[in-house]
Amino acid sequence: MASDRSLVVWLLLIALLLLLVINPLARLLWASFEHPDTGAFTLENYAAAYGRWRNVEALINSMIVGLSVAVVCTIFGVPMAWAVSRTDMPAKSLVWAAVLGTFIMPNYLGAVAWILMAGPNAGWLNRIYSALTGASAGPFNVYSMTGLVLVISCYSFPYMFVFTRSALELISSEMEDAASTLGAGALRTTLRVTLPLALPAIMGAFIVVFLEAIALFGSPALIALPARFQVMTTTLWQMFEFPPRVQVAAAYAMPLLLITVFLFWLQYRIIARKGFVALTGKGGERRLMHLGPWRWVMLGYCLLITSLSFFMPMAVILQAAFARAWGRGFSWDNVTLRNLRFVLFDQTATRMATLNTFVYAAAASLIALGLALAIAYIVARRLVPFGRVLTYVAMAPFVIPGIVLAIGFYAAYTAKPLVLYGTAWILILAFATRFLPIAYTNSDAALRSINPELEDAARILGGSRLLALRRVVAPLLQRGLAGAFILVFIPATRELSSAIFLYTTGTQVLSVLLFDKSDEGNFELLSSMGLILVAVTVAMVLLGFRLIGRDFLLRRTAT
Amino acid sequence: MTLSHRSLPAALAILIALALATAGPVLAFDGEAALHEAAKKEKEFTWYTAHYNSETAAALCQGFEKKYPGVKCNYIRTTAQVAYQRLAQDQKAGIAQASVISSTDQSHYTRMKKDGWLQPYKPKNLPELVDAFRAFNDPDDQFVATAAGLVLITYNTSVVSATEAPKKWMDLTDPKWKGKVSIGHPGFSGYVGTWVVEMKKLYGWDFFKKLEQNKPRIGRSINDTVTMLNAKESIVAAGPAATTLESKAKGNPLAVVYPEDGAILMVSASGIVKNAPAPNAARLFIEYLLSREGNEVMVQQYQDPVNKHVKPMAGARPLTDVKTIRPSATEIEKGIPEVKELFRETFGI
Amino acid sequence: MSRLVLTDVSRRFGAVTAVDRFSLILTPGEFVSLLGPSGCGKTTTLRMIAGFLAPSEGTIAMDGRVVSSPGSSLPPEKRNMSMIFQSYAIWPNMTVAENVAFGLEVRRRPKAEIRERVGRILEVVQMGHLASRYPQELSGGQQQRVALARAIVVQPAVLLLDEPLSNLDANLREEMRYEIRRLHDEFHITTVYVTHDQAEAMVASDRIAVMNQGRVEQVDAPRALYARPRTRFVAGFIGRTNLLDGESRGDDVVFDGFTIPRRAFPEPAAIEGRVGFSLRPQSIVLHRQPPPSTRAAVVPGRLVQRAYLGEHWDYTVRPAGTRLALRVTTRPHEVFEVDEKVWLELDPSQMAALQPE
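Residue numbers (my numbering), protein chains in the order written: chain A, 85 to 643; chain B, 490 to 838; chain C, 10 to 366.
Chain A on its own, in the form it takes in the complex:
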């Protein structure tokens, strides 16, 4: 019962939460019904947004992309997770490291690399194919719906991998033993017993991946446009053209919001049947399934996928970053450090953007984590009535595509009274809001792992709640929170879809710089910048490993 002075603190934090999440959403909703010139209530914006078939088509395209990506990610991620978690496949560390590398690489950088690899006329893969088979052209065309789906899937499947793996870790081998004593072979056991037990996690990841895919901006802008189709995010982008029509954009974005809310609700319903995992229990050890010669097949599959997502694109990026003229292809006389030097030392924009990227990401992570922890605490200890509502609010940004959130932030904070536009704060707060759900899920899980009696013991001995938090809870949460920090930090460093609307001169970040470079034909510089982004992020992650241990990325439990 919060009858002490700390009530003021809790209320302030709740107010901050509402400001960050509800305010932009409310402004967005308001803007969608607002006439651009007179400010009167109107349905014109919706008519303008959905009256054109082209825009409706873009919505349909987004849905197709989202669904396809989710399916492909399932095909990629589930067998990999199963192989790493439950079998005796060799070289698991390598596969794990490659998945981590994939997670770090921004999807728009991967898209650029893929254009080089699978461009229909001159992509390396096509050239190799032609050389091997004598055909005039290769079959791979990145500039297509298939191409876009594949590229996005490459950078989204880590979610599926991590979710599935976490679930599989909890299943005791006794479940499988029961099947095998009844005569079922390894494959049948896996398909009929093991995987179905992980189904809630897989479905949860399916929905997460779908939502991510329809909200992406970077890859579609690079691939869909030349492929001659639009998706919702690129359409929204064009609505900010000259002259910008925020109101129509807001109206157009609303159904996206509704679709994602529906899916979020669906996910909650499915995951809420926690009995699945609880039943499998933590009792019983986990033994690895022996695959015999098939374990090499599995390894091959895993390496194939991570080649597509990480190894090949990295090779392409490296070649371009160190090339004088990437069009000339790889040769020793084409190697130079000039690009890196220019990017690191001569171009002040890069240095500033790099600094900004990591400072904003760190600040946003701290804010998100601090707020998430406080809200999770308030809810877990029932300090206010209707605590569950706070959970929904904290998780709400999850269902808002980055670009929509940015438009909301733009609408909310470019007009008085609170003008944040033009400052670093609008970016930091937008990032913090965007990643609040991840921070919340992890804070909540970490808090629940602490026995409330540890706090009660401090309180009964005379300490206030805040003292108990400071001396008992916070030290115990360190590990969990450090892991959560990195899980927010990494996506924040490469966040593009919200940054693209909110940055200005002094507040440019690397993702936007990279994106702007992509229409300049200077692939060498672009790759150099991408390399820097990836390298620094890897350094941070390795630092995280040292501080926390190898398992920190597995803290992503289902909601």
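One or more of the hints may lead you astray.
Part of the chain A face toward chain C, derived, beta carbon under 10 Å [claimed, not checked]:
(1) A480
(2) P536
(3) E537
(4) D540
(5) A541
(6) I544
(7) R549
(8) R555
FYI, nobody ran anything at the bench for these hints, they're computed from the structure.
All residues carry an ideal CB built from backbone N, CA and C; glycine is no exception.
Given chain A, put chains B and C in place with the hints provided.
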């Protein structure tokens, strides 16, 4: 022949004249020092530009800072559409960020002038401007031409020989280039918009209907064509002379063709933003963009100079030697929004 | 030492009544146990006393001052109480000494005093040599002692214990039972002890409050509770017992298969209509021949089952002509065979009349 005391003064005079002639363009304009002082007080300024590419913008900024120490130049290089968007957002939020705006889309300037976002300034270096370009200046001095470029036919030399290469614009619709030709998008790039308007003027919209049958690769910016050519995704393109030649100088297998029916001459203007935080620095910068030093820098970056006294880079033909065509300012203003729609209908995007 | 008074304390969670009109007065220094099966409301009551929950009805007062009532509840940190939790709640990020010192630090005692008092209490609980260890390095029993030391060193007005021994093994539990009582006697702290284990409660308590489904069934000293249970539940919960139903008819109380004159009972007037009785197995004596009876009732029967437990025999006897199965405990040398005809000697003075349900 001995040097007699009578020929000495003549020789000296010739020497001095020669020295002056080759000494380089150290010509100050009237009031330069005072403007420099005023700009120094402002310390720095921000420039939103869609002209050139990032390296050229960086080089111009560095050149400016060298010539006028104490004034820092910050550039943001984007496509025209994004540059306008940035300014629009700033204006709506009442934020003073940019001092100079350089868009390649003429219709932007009409709108900006109408919305009152620009302030007038008649540059002292105006006489330095190529005469033909003056037609693109604002009669009320709210914007002035500071950049020029050519859109012409470009190709990849490792795949296409000089004889095979297209010679005029219509050649791009030849079926032999099916799936191999690259263009930009008028919705994103001012250069592309102008090119489309001119093509429509020359050949009617049928040109594009025919072009669509060749399934061109459409990027965002005119500079995307360079990427496509280098990747060999496309092997011919309607591309920018400057960026293509720059890439070629790096060693990439590219070449340009000055079309028989005329290369499109792009003249892009710059304006000083009305609520510029650094109006004096902005004025100084406009002067610099028209000055010989500034144009020397442009030339080093393979851009076409707008200063009549500065010669273009080696390998490029001077604008006066080439057949250029260009829609008028009014044609561009009206035409670009119109062709954007037609483009979307024909190409679906 | 403090006087703790609970008056008609109730607590509801939605439609469920967890605690129903609990009233109790603790004299200063008294050791009272709340005993009952899980779900009976004992932990909820304890948490209300501690201040973690507010009552839905009723008040809790300490030394005359109301600390808990439905409208307001003094927070735990202001009550000067201490609590031992089921999980001990020893903070893993602090050493033993730091754990014990916490309460004193919150009370802003000078460092020298803290050091001295911590050292002393650790000696009392025999943990002095482990002062700089971390909890992960200690056994369950040792952690338990740390919890005790931490709770006692602050000289609380009331000490609360929530099933502190349930995580220990049987031997340790026995040892710690005595330890807790010993510490109580040494420091004279008013103590409320929650447990489901009647042996613990019996050993340590001055009085026991037996709870069932939120209600208090009986509050009494252990001996009285055992010998004179007042309800069926208490009779069955404390030790084992035989439950007999008797009906008052005139001068006799009629049971199934036998009759006992009314005047043989300690309170004959209280027996009206149908009354239940509790008779402990130890109170029945088995004979091979009908014993001479004076005040006792003698009933013939047949031995149905037997079990030898080393310290005693556990017999089940069916009185003749009844469906009853009476449990009888005898000393080890009193051996009877199954199916043997025996005589049961029942002592009415040891038969406790139970309240009607």
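Right, here's what the structure says about each hint:
At about 28 Å, the closest approach between the beta carbon of A480/A and any beta carbon in chain C exceeds 10 Å, and the interface hint on this residue is violated. A cut of 10 Å between beta carbons decides the hint on P536/A: the least distance to chain C is about 9 Å, and the hint holds. A least Cβ separation of about 4 Å between E537/A and chain C falls short of the 10 Å threshold, and the interface hint therefore holds. Because the beta carbon of D540/A sits about 6 Å from the nearest beta carbon in chain C, less than 10 Å, this interface hint is met.
Because the beta carbon of A541/A sits about 4 Å from the nearest beta carbon in chain C, less than 10 Å, this interface hint is met. For I544/A, the suggested interface contact is upheld, since its CB lies about 4 Å from the closest CB of chain C, less than 10 Å. Interface restraint check: R549/A against chain C, minimum CB-CB distance 8 Å, threshold 10 Å, status holds. Hint status for R555/A: holds, given a least beta-carbon distance of 8 Å to chain C, under 10 Å.
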